[in-house]
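Sequence lines, in order, name chains A and B.
Quick note: the first sequence, position 78, residue 78 per my numbering, numbers continuous.
Count along the second sequence from 1, then add 126; that gives the number in my numbering.
These are computed hints drawn from the structure, not numbers from a lab.
There are no misleading hints in this set.
Think about it this way: if two alpha-carbon atoms lie no more than 30 Å apart in a straight line, the pair counts; the simulated DSBU-like pairs of lysine-lysine are:
#1 A:Lys62 x A:Lys48
#2 B:Lys242 x A:Lys48
#3 B:Lys242 x A:Lys62
#4 A:Lys48 x B:Lys231
#5 B:Lys242 x B:Lys274
#6 A:Lys65 x B:Lys274
#7 B:Lys231 x B:Lys242
#8 A:Lys65 x A:Lys48
#9 A:Lys62 x B:Lys274
#10 A:Lys65 x B:Lys242
#11 B:Lys231 x B:Lys274
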Amino acid sequence: MAGLNDDAQWIILMGFVVSTIIFILALIVSQSALVGQTTSESVLEFSKGDIQDLRSEIIFLKELKQRGLLNDDTLLIYDLQNISMGRMTAVVEVDNWTDEDSRTDFIYIHFNDGITSYNETYEEYY
Amino acid sequence: MVNDSGQLYTIEGISAGLLMIVTAYLVVSSTTVLTPQDVHITDVQLEQLGNDALAMMDTRDSYEDERSPLQEYILNDDTTTFTQAFLLYCNSSTSVTDMDNLRFKSTINYYNRITKEQANYTYHMPAGYDYYRENAVIVNRWVYLENKPPGAPPDMDSGPQIVLLEVLLWRV
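Isolated chain B (complex conformation) (with noise of 0.2 Å):
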């Protein structure tokens, strides 16, 4: 003989189990709404990170010195050394051996005084394509040279001048 007192026990079991799917489905689809916020601290941080490394770098190491190390390496065509040493700022962390991952493209924007436009023309491009799943971000540097670099477009003005250093970052 067939009892069916135990009904409301399983009815109260299905609607209890479908209260706790429902609800754990609430939290997880509410909790994926951090990504996009994750993503934006990661750029802030990235971009503070540029912003430092850039200053670093245009900073004189005495004040006798004439120029600040990226002035030199801008003016001198240096792009190995620039590069080199960027990367090191940028990818040293707490550990000795273990180095972040950040490639970087860099321009040179400046101002042609005779048709009045601006100009760019590349300073660093990282060899070959790279996947990086994070957002890149833009940092800036105003440089002043005393003269036109000799690699240079020919467009570019002989005299002194303030051009843009545009640097993208990017974790690979």
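Next comes chain A alone, as it looks inside the complex (with noise of 0.2 Å):
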């Protein structure tokens, strides 16, 4: 080993660095893949699409009433909160009262599925 020199260390230093940086970023990289995982999950469990719908279905059975094609929508109310209760594992709860003073039909509809809990009252003038 004779005329070993240490011209060359700082080489070897610089692998350490850059192989150090690249392994950081890695972890970076692993954590923003994390990140996008949980938003998309959330994004799933929040219920956008049954609660637009049982808004929806409510406030068509109130035109229906309206237009007089439906006389008593308690029944109807009844099957909407059973199949909430078995097939999405929600609680609806929808009340309907009018106000004589201000003209106004009122429809409170409650929706909650153990992640998102919904509240409305919905005023409509007559």
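Using the hints, put the two chains back together into the complex; each one sits in its own frame.
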């Protein structure tokens, strides 16, 4: 091992530095993947479609009653509540009342599937 | 005479090579975490697509119409037209000729008011079993029926009722 010189030490040092940087970058990349996964999971869990559908159906029932095509929606709301409970594990409450003075119909809509709770008081003037 | 002055370069070369292999392995193994993320994003898109298609079919063409197309299909047990329409809406792409390849199975959930239990019947079942590489999603739509469809099970109520159309959607 005669004539060993240490001129190339900085090459080894740079090798270590570069590999450490690449390692840290890889860690950041893997973190971003996790963030994307949890984001799309929470989008999936949020029952946007169910709530929009429930709203539109209940307002459609009100329209049917206004057009005289339906007299009483009590049994229909029971259907809705029971099927929601069974198929979506969601609690649904619907209530109607009318304020004569302000000539307003109110519909109270409640939806809770354990992850999202939604409450709305829909108003319509007549 | 063998000269050993290159030993240090050999050691450095080997260690640098090892470092590169280990780094490449770490990078590749951390990017494979991307796969479940991708799957969930496609699920979200598929669910949105199915929900939109059902919402579109459950919208009346004009205010004067008695029923939406979806209500008509279910009331008349018209599975064929429903299947064609739904697949057309879901499989449409920006290309005229190339269609996406989605399959679905749909069931109708109803509430039996006498036994106070919910039941369901199959509305559309694809012919044969398909291989699907991605997850299937379920989309729902509430449908108001004025009376019982002719092909419905006998224990279904005959009057006005609300049923839940459930569609299991997957890409083949």
